[in-house]
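There are 2 protein chains.
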Amino acid sequence: MVAGSRGSRPPRSVVLLSGGMDSATCLAEAARRGEVIALTVLYGQRHAREVRAARALARRFRVRGHHVLRLPLGPLAPSALTDRSIAVPAARDHRSRIPPTYVPARNTIFLALALAVAESSGADSIYVGVNAIDYSGYPDCRPEFLEAFERVARLATRAGVEQHRRIRIVAPLLRLSKRDIVERGEHLRVPWALTWSCYRGGRRPCQRCDACRLRARGFREAGVVDPLVASA
Amino acid sequence: MVAGSRGSRPPRSVVLLSGGMDSATCLAEAARRGEVIALTVLYGQRHAREVRAARALARRFRVRGHHVLRLPLGPLAPSALTDRSIAVPAARDHRSRIPPTYVPARNTIFLALALAVAESSGADSIYVGVNAIDYSGYPDCRPEFLEAFERVARLATRAGVEQHRRIRIVAPLLRLSKRDIVERGEHLRVPWALTWSCYRGGRRPCQRCDACRLRARGFREAGVVDPLVASA
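Here the protein sequences come in this chain order: V and X. Every letter in the first sequence is one number past the one before it in our numbering, and letter 88, counting from 1, is 88. Convert by adding 232 to the 1-based position in the second sequence; the result is the number in our numbering.
The set of hints was computed from the structure by calculation and includes no laboratory data. Yeah, the Cβ is synthetic: ideal placement off N, Cα and C, and Gly gets one too. All clues stand as given, with none of them false.
Quick list of simulated restraints, FRET-style, between CB atoms: (1) R398(X) to E162(V): 29 to 37 Å; (2) A230(V) to R296(X): 46 to 54 Å; (3) P243(X) to A230(V): 48 to 56 Å; (4) R265(X) to G202(V): 41 to 49 Å; (5) G434(X) to A216(V): 53 to 61 Å.
Over 10 Å on every C-beta distance to chain V, these chain X residues come out as not near it, computed from the model: (6) G276; (7) R292; (8) R294; (9) L408; (10) R416; (11) A454; (12) V456; (13) A462.
Between the sequences and the hints, there should be enough to build the whole structure, so can you do that?
Right, dumping it as structure tokens:
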């Protein structure tokens, strides 16, 4: 609650924090701007490893709060990321259509949950790590989707209706390649060793899945050593 | 999944089913049109009683599937409906501003979850029981909010992007008073005895809270006996 203190306190953001390199970079951006409340949504079995990364990142950036919400989407909306019976593809052609790792309405759900946190905590921004590579395949990673959601945020909330306080959807990585993200993260001193990207979620990154390959290419092109792989 | 069968099967809807009289009437509308998948979201302690009503209604209307999702919104976004330390008002002035029973971003979250179910099950409609009395106080019960969410639904989903299949947000009660809803429900043979409206969620409706008073007035004005109260 912000009653009585809104004028004096620093700007506050909600960050959707999966624990991957993209959301870690968003967290670093938001932390530089002001206070952060992190929201991690556990939506399937495969990503259990990521929550450890998210917790470590939240501690490192001294967030004001960190909500970890268990929300099993698998029964609602089967996908390769929530259902072990659907294979995670080793890698995909980025000119192809929507990939099997797409989780129906995932970003809509995540943004809706972040909106609840933002409204009740008096945050004025929601940071989400969608980026240029993702939105070639995922419908809910495109700028027009984010703009449409921002309109929903304005119409749905007490903040928007009574207080004329807009909650912005901020996607700082939207038009960045993975290489750009690594460079941006280096500038912001993102502790890459604390992040986790691999879809498979074992003890070490598999280095074969889509997420591992994208990550490796980003680091290689940026000329940066990925400590998560270097320590293997 | 609808592969191969979309042309021949009846239209399919997702119904947000709380177990109250409004969502029960929506369920009856949707069931008359075609197949139904019901979605009940348990978002706080107070509404535990409603899930029993929702299950009974789902059985009565022979839904194709019924998802019951436990999603504790209380820690994310405190409200009188999710936090026992905030009093539920006995009744409120309907000319007033947003009431304390407003749950931040609730309908956005519910519609986002319903969107996931709709997309993965091949449904073309989401029925939601928001109505004319609610939207005087709740920002996320207004037609402009529903229209904005429908735009999100089109942009966020594979259905909207690749298949040019729009998922409609249907709010059949939007402009109805509680009296109108009772009359509509009577016409559709809604089993009122299976529904539950009371915010307090005891064994019997408290008949003092906002929801009980609205319900009682609707039945009284429609000249219908509410079996839930008559049997008390």
